[in-house]
Structure formats: structure tokens, C-alpha cells
Amino acid sequence: MKTPIAVLARGDLKHVVRDSTLVLALFGPLAITLLLWFLPAIEMLIQSRLSFDTAPYRLFIVSFLSLIPGMLFAMIYGFIILDERDEAVIDFISITPLRKEGYLTYKLIMPMLLSAGFFLLIIYATALIQLNPIHAIGIASMVALEAAIGTLFLVAFSENKVEGLAFSKVMGIMYLAIPMVFFWNSEWHWLSAFLPPFWIAKAFIHSQTGSIWIWGDLFFGTAVHLAVLLYFLRTFLRRQ
Amino acid sequence: MRLLAAMGQDIRFQFRHGFYYAYAVLTILYIIVLRLLPDTMVYPALTLILFSDICALGFFFIGAIVLLERGQNLTESLFVTPLRLREYLLAKILSFLFLATLSALLIMLGASIGGQDLMWFVFGAVFSALIYTLFGLIFAARARHVNDYFVKSLGAGLLISLPILAYIRLFDTPLFYIFPTRATLILLDVLGTDYALSEKLFSVASLLIWFLILGSWVYQRFNKYVRHPA
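The listed protein sequences correspond, in order, to chains A and Y.
Using my numbering, you'd call the opening residue of the first sequence number 1 and step up by one each time.
Using my numbering, you'd call the opening residue of the second sequence number 241 and step up by one each time.
In isolation and in its complexed conformation, chain Y is listed as follows (with noise of 0.2 Å):
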């Protein structure tokens, strides 16, 4: 119940600072341009577009808003009453997971995109969602202002990103298979391209396995520097 409260609260957050708006105009923009693409674009470019963005959305977002949470002494607030940490950050992705939830849906039903390995693409969108959000609360335990959230987070970000240069085949190395966005990639591309299953089933344990190092990771940092800072 708690959860649920908590992550209502995130919702009407989120929308009364115009994400909703932003994503609505966004959502909007990439069906017209995934309807003008020629055919054989239109999945690589989905991919691309739910891997640099829709997924990804969490990850912008939630440094500014612990920032300002912090900044207004809310956090200190907050804990006083039952609501635990893990409630609090459970919370924050799983609001952040309804928004890139809808906004893909909307994508894939205004393009007419859809395909038989589905479960598997929902999969991977739902968990890169939430492990993007979970990579960007890590940063956001400690940053200072949103330009320093933006700098840590975003030089952590293109070096964790680096699999996508084998995803436009211009490098590939085994190395990029430890990487989560790997992973990612592999799953948001199903619908357009075969991959084996045994890469598939690769996918969802490197998806599973990052979200439980991130999340137990962030779990201890919010501990230490936001529900007991020095």
C-alpha cells in the first residue's frame, strides 16, 4: 500500500512538471518519423530510439529530481515516517517504468510495430527501463548540482554504452557481452533481426543479474549519503 502511495506520488510528480507533456510531443514526433522511414529502417531505428531515449528516460530525469527532493530537505522528511528506502526507490523506477511503458506502447501501436518474439522485446524494454533509472540513482545519491549529476552520470554513460558500436557493426569484441546495454540491445532488436535463443536467454540473465547488483548497490548508497548523511 505504502508502494503504491509512494509511487502515486512520483506519477503526479512527474506529471505536474509536464513529463508527461514532454513525452506526449516526443511520442508523436518518433510515430511520424517511424511511419516515413522506408521498411527496412524502421526496426533499427525503434531500437535505437527505445535504447537513446524512451528507456533511457529515467536515467535524464532522476538526478534532478533527488537534487530538488534534497535540496528542499524532503528526504529527511520523508524517512521519519514508515516508509522505508527500499519502498522510496522502488517507487521512483517503477513511475519512471509506467512513462516509458506508455510512451513505447504508444510508439509501437501508432507505427503498427509488432512481431512473434514479443515477450522477449517487452522484457528487455521493462528491465533496461528500470536498470537505466536504477544507474542514474547512483549518481544522483551524490551529486551536488544537476550539471555535476550530468557529467559523472553521462561520462559513466557513453562508457557503458560502447556496445552499440557493435550493434552498427563498426567494433565488436566479446567484452561487450559483461555490458548490460548489450544485453539491451539484443532484446529491443528481436522483433526485426534472429538471434539465437541461447543469446536471447543470455540476455534476460544479464538483464536480471545487473538489476540486482544496481539495485542492492544503490540501496547502500542512498543509505549511507541520503537516509544517514554525515
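If we strip away everything but chain A, and leave its shape as in the complex, we get (with noise of 0.2 Å):
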């Protein structure tokens, strides 16, 4: 017997191979991989060209850019959600098997595997920083997090796709935690702690320093990405 998973993915399944959307999609984060893969040979043509050293941030770029994928899928699953809201999909998914509820497990679930399986791949793929594999694993589920709550962001506050693309711009001011955790030499830069991506900063630095704190900021930023994710699924569904 099929479960209505089942069915469901491969309706996505030929809904990828008919337009391709998707398997382009990957084109970015497959990109942000490259990129990275290379990062030690753009590093020295930056020193060589513009005589400026970028090894003292090495570890700001990488959790900077390990966190794109998941922004990318995100974005890509919202926008998906979005359209098949405007067109009133979901209202047929509604009185399926399925119910909307498990519609919604499946978009959630796709976006927070493709994230945390990229952020992975290019920790140690590309080999830029080791990173202790527990410490990777508890960021790693961080990072998946915050994957379900980009896509819950932009489809629980707005009416529409349009207004969602308006919510996507905001979403992007989420990541400025990671600079202030790297950059802001004060205490000020707790005030950003409330937004997830503040720590997984924090626990790139402390694992690389090979600090106890480490394991506060895996619980700490476990606990802040279970808050935000519950008060957006909250919002969704009661807007619903």
C-alpha cells in the first residue's frame, strides 16, 4: 500500500523531471559548494591582486556561507507553498488522506534534510575547518531547523506570493547575527541573540576554540529554533 508520502513525493518527483525547476534550484547551493571548494585558491588570488589577507576570516566565511543552502531551500519550499496556496492546492490536499497537516510535514521536512545534508557535504567535503563530528551533527540540526522556520517566515505572515517575495527580503536581515557575533567586539551583540542564525556562530567559535561552551550554545540554540518555529507554525495554522 502507498502511504500519501509516498504519493505526494512522487507527484513532486515528476513535477521535477516536467520543469526542472528543482534540480536547477540545486544549482545554488551546488554553486555556494564550488565556491567553497575553491575558497583557497580564491584566497590567494585575493592576497596576491588585492594584497589583502583573508585567512583571519576563514571560519566567518564558512558559517557564513554553510547557512545559504538552507536560506536557498527556504525559500524554495515557501515559494512553493505559496503558489499551491494561491491556486487553492492545498484546499484540495485539505480533504485527502493527507490532510493538511501532513502536507505541511512534507514541505517542512524536505527543506530541513536538503539543508542540514548541504551543510554537511560542505563542511566536509570541502575540509576548510575541522569541525568535531557531534558539534557538526547538533549545528547540523540547528541548520535544519532554521530551514522550517525561512519557509514557515514567509508563508505564515503573508496573504500572498507577492507579499511573501516582500517577507523574503526581511528574512535575509536574520543572517546579520553571524557578523555581529564575529565582528562586534562588545556585549552588545547579545541583543541579537534572539535571532537562530546568533547560535550557530556561536558554536562555530566555541568549537574551533575547543571551549565547554560549545555545548550551551547546541542547547541554548536548539531551545531559541524550537521557540521561533513553534510561534511560526502557530501563526500559520491558525491563519489558515
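Be careful, since some hints might not be right.
Said to hold, decoys possible - Not close to chain A: a few residues of chain Y, all C-beta gaps over 10 Å, as computed: (1) R242; (2) G248; (3) I305; (4) E327; (5) L349; (6) Q356; (7) R409; (8) F416; (9) L452; (10) L454.
Stated by the list, open to error - Coverage of chain Y stretches by chain A, computed from C-beta distances (three or more under 8 Å per stretch; other residues unrestricted): (11) 265-279; (12) 378-391.
Hints in this document: simulated from the structure, not taken from any laboratory.
The C-beta atom is built at its ideal place from N, Cα and C for all residues, glycine as well.
Assemble the dimeric complex from its two separately framed chains, guided by the hints.
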């Protein structure tokens, strides 16, 4: 017997093969991976052309860019949901055995799996930094939750795809927490602790310096991610 | 008159959908960033902000707007009215020009940026914003959904943005002078860098020619796929 999820996944796969949008959409995350793969060469080029040493910024570059695939997947799935809502597809699905909850679960799990997968791929395939595997899994689960947060942010507050696009502009601000953690030498940078990427940046730094605080980052970071996720989920379900 | 009414309607639509709020937040953030940067970095940062976001905002939003209008069968009813296709398209690009100009102006005021080459700069910013929106409209005419629009338009957008490599001095070739983005990057950069008069004149001519080419291309595509769909 086919489960509703399998039917939905097969439908999506047909969709992908038919119009190849999602295959092409993988291009962004793959381009980021490739860019990081060549980062040592790019660093040398910048050093020789512009005599600017980027080595001290490598951890920042890796932690910032490793979150971009998550943001892209969040946007891709957010726009799929918005398109399907505008075309009333969600209303049709809500009367099938899958129901609205099943539909949403599926549409959130996909960006989560893809972004966590790409995160681990970027960290271990490029080997630009040495990250403890247990810490990496902890950070990857935050990255996954963040993708779901991004998708929900786009769909929870907007009426249609045009508004969703305006929200996607605002969503980018969340990632400002990363430069704030890395470059703002003041206790005031804790102001951005409510932004989920803040904790990922902290975890990167503490994991690299071998600080015991990494466990605090993973714990509080996951808690902040879950709290934001639940808030957006409630908002989305209430407004449906 | 019809054009003004259509433009007013487009601006109202953008306001209602939160574009002005989103850009108010981004404008304030850009001002803060520009104020925090060391003096030598301010002009290059301004150029990149305008190039990648403010002037490009029409490109970013136009796909979803046209899709929503087509999805609601709005365009079918619209072209029964006396509104001409040219007016419909002009209203779209001018309404985005209004938001981009407003945001750029506030950023420059907030970060106290100016200079003697301001006229070249303003021409560059205005025509870049118009061209970006036209570029988006080419893909919006046939897009099936938002992701479809972004994949196709961003692929072409990345290609057309290659002159950025010359701007950050990583790679240069005379071929880049064919691209409209080369002209954009020169004119948006005149406040902080000295360019020869010939280069500035060339950039103005390039943007004007690109505006006419893209404008007539968009008109033909909309005439074929939106006004008279098969």
C-alpha cells in the first residue's frame, strides 16, 4: 500500500522532471559548495591581486556560506507553498487522507533534510575547517530547524506570493546575527541572541576554540530555534 | 492620465503588499552599515548595494506580481479597458523606479554621500532600475510559478552580472563593455572613482540602447503571451 507521503513525493518528483525547476534550484547550493571548494585558490588570488589577507576571516566565511543553502531551500519551499496556496491546491489536499498537517509536514521536512545534508557536505567535502563530528551534527540540526523557520516565516505572515517575496527580503536580516557575533567586540552583540543564526555562529567559534561553551550554544540554540519554529507554526495554522 | 492612474494603482499595490515597509527596514540597515564602514569602503559599498539590491528590486518582485495578476485573470480584464499594453508596462517599471529612487535618495542622505558627478550617477541609477525591471519582465511573461521565474531569470541574471568580476578587479575583458551591467557599474561608481568622459558617455549610450532593445522585446513578449495568449 502506498502511503500518502509516497504519493506526494512521487508527484513532486514528476513535477521536478517535467519542468526541472527544482533540479535547477539545486544549482545555488551546489554553486556555494563549489565556491567554498575553491576558497583556498580564491584566497590566494585575492592575496596576490589586492594584497588583502582573508585567512583570519575563513571561519566567518565558512559559517556564513554554509547557512546560505538552508536559506535558499527555505525560500524554494516557501514559494512552492505560496504558489500552491494561491492556486488553492492546499484546499484540495486538505480533504485527502494526507490532510493539511501531512502536507505541511512534508513540505517542511524536505528543506530541513536538504539543508542539513548540504551543510554536512560543505563542512566535510571542502574540509576548510576541522569540525568535531558531534558538534557538526548538533549544528546541522539547528541548520535544519532554521530552514523550516525560513519556510514558515514566508508563508505564515503573507497573504500571497507577492507579500511572501517582500517577507523574503526581510528574512535576510536574520543572518546579520553572524557578522554581529564575529565582528562586534562588545557585549551588545548579545542583542541579536533572539535571532537563530546567532547561536550557530557562537557554536562555530566555541567548537573551533575548544571551549566547553559549545554545549551551551547547542542547547540554547536548539531551544531558540524550536521556540521560533513553534511560534511561526502556530501563526501559520491559525491563519489558514 | 491613464498612465498616471495605472502607476498610482501599482504603487498602492506595492504599498499594500509591504514593499515599502520591507525597504524602509533595509534602507535603515544600509545607512547604519555605510556609517559604520571606514571611509575608503563607503563608495564601493554604496555601488554594490545599489547594484545588487536597490536598483534591482523591480527584477526581484516583478515575476511574482505578473504571476499573481495572471493567476487572478486580471490581465484579461485589464486589456479590455482602454489601457494600452505600453501604459501597463510603463506603469510597472515606473512604479518600481519610484520605490528604488526613494530608497536610494534616503540612503545617500542618511549616509551623507554626494559628489560633483551626481548627474551621471542619477542617470545610471535611474536607467539601471528601469533596465532591471524590463529584464525581469522578459521572464515574467512566460513564468509558470515563482520558482520557475527565479531559476530562469537568476541564471540569465548571473550571466549578465559577470562584469562585477571586473569591478572587484579579479578578471577583465573588453567583451564586458557589451553588457549593460558594465555601464551600470561605471555610472553607479562615479562618485568615488574618476572615470574618463568617454567612458561615462559610452555608459549612458549603452544604457539607452539596452533600454530600447529590452523595452521592445518585453512589449513583443507581453503582446504574444499575456495580451493574446494562445
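Checklist entry - Holds or violated: is the Cβ of Q356 (chain Y) farther than 10 Å from all Cβ atoms of chain A? => result Holds, because the least Cβ-Cβ distance between Q356 (chain Y) and chain A comes to about 27 Å, which exceeds 10 Å.
Next on the checklist: Minimum C-beta separation from L454 (chain Y) to chain A exceeding 10 Å: can you confirm that?
Outcome noted: L454 (chain Y) is indeed farther than 10 Å from all Cβ atoms of chain A, at 22 Å.
Item to check | Coverage of the stretch 378-391 of chain Y by chain A, judged on three or more residues with CB within 8 Å | outcome: Coverage by chain A holds for the stretch 378-391 of chain Y (7 residues, Cβ < 8 Å).
Item to check | Least C-beta distance from R409 (chain Y) to chain A larger than 10 Å | outcome: Non-interface label fails for R409 (chain Y): nearest chain A Cβ at 6 Å, not farther than 10 Å.
Checklist entry - Minimum Cβ separation between L452 (chain Y) and chain A greater than 10 Å? => result 28 Å, holds
Checklist entry - Just checking, I305 (chain Y) versus chain A, shortest CB gap more than 10 Å? => result 6 Å, violated
Next on the checklist: Quick check for students: does the CB of L349 (chain Y) sit more than 10 Å from each CB in chain A?
Outcome noted: At about 21 Å from chain A, L349 (chain Y) clears the 10 Å cut-off, so the statement holds.
Next on the checklist: Just to make sure I understand the rule, a stretch counts as covered if three or more of its residues have a C-beta closer than 8 Å to a C-beta of the chain. Does the stretch 265-279 of chain Y meet that for chain A?
Outcome noted: The restraint on the stretch 265-279 of chain Y holds, since 3 of its residues have a Cβ under 8 Å from chain A and three suffice.
Item to check | Claimed clearance of chain A by G248 (chain Y), with the beta carbon kept past 10 Å | outcome: Consistent with the label, G248 (chain Y) stays out of reach of chain A, its closest Cβ about 18 Å off (over 10 Å).
Checklist entry - Beyond 10 Å from every Cβ of chain A: is that where the Cβ of F416 (chain Y) lies? => result 17 Å, holds
Checklist entry - Per the stated criterion, does the least C-beta distance between R242 (chain Y) and chain A lie above 10 Å, as a non-interface residue requires? => result Holds, because the least Cβ-Cβ distance between R242 (chain Y) and chain A comes to about 23 Å, which exceeds 10 Å.
Item to check | Separation of E327 (chain Y) from chain A, once the least beta-carbon distance is taken, above 10 Å | outcome: Non-interface label on E327 (chain Y) holds, nearest chain A Cβ at 21 Å vs cutoff 10 Å.
Violated hints for the displayed structure, listed by number in ascending order: 3, 7.
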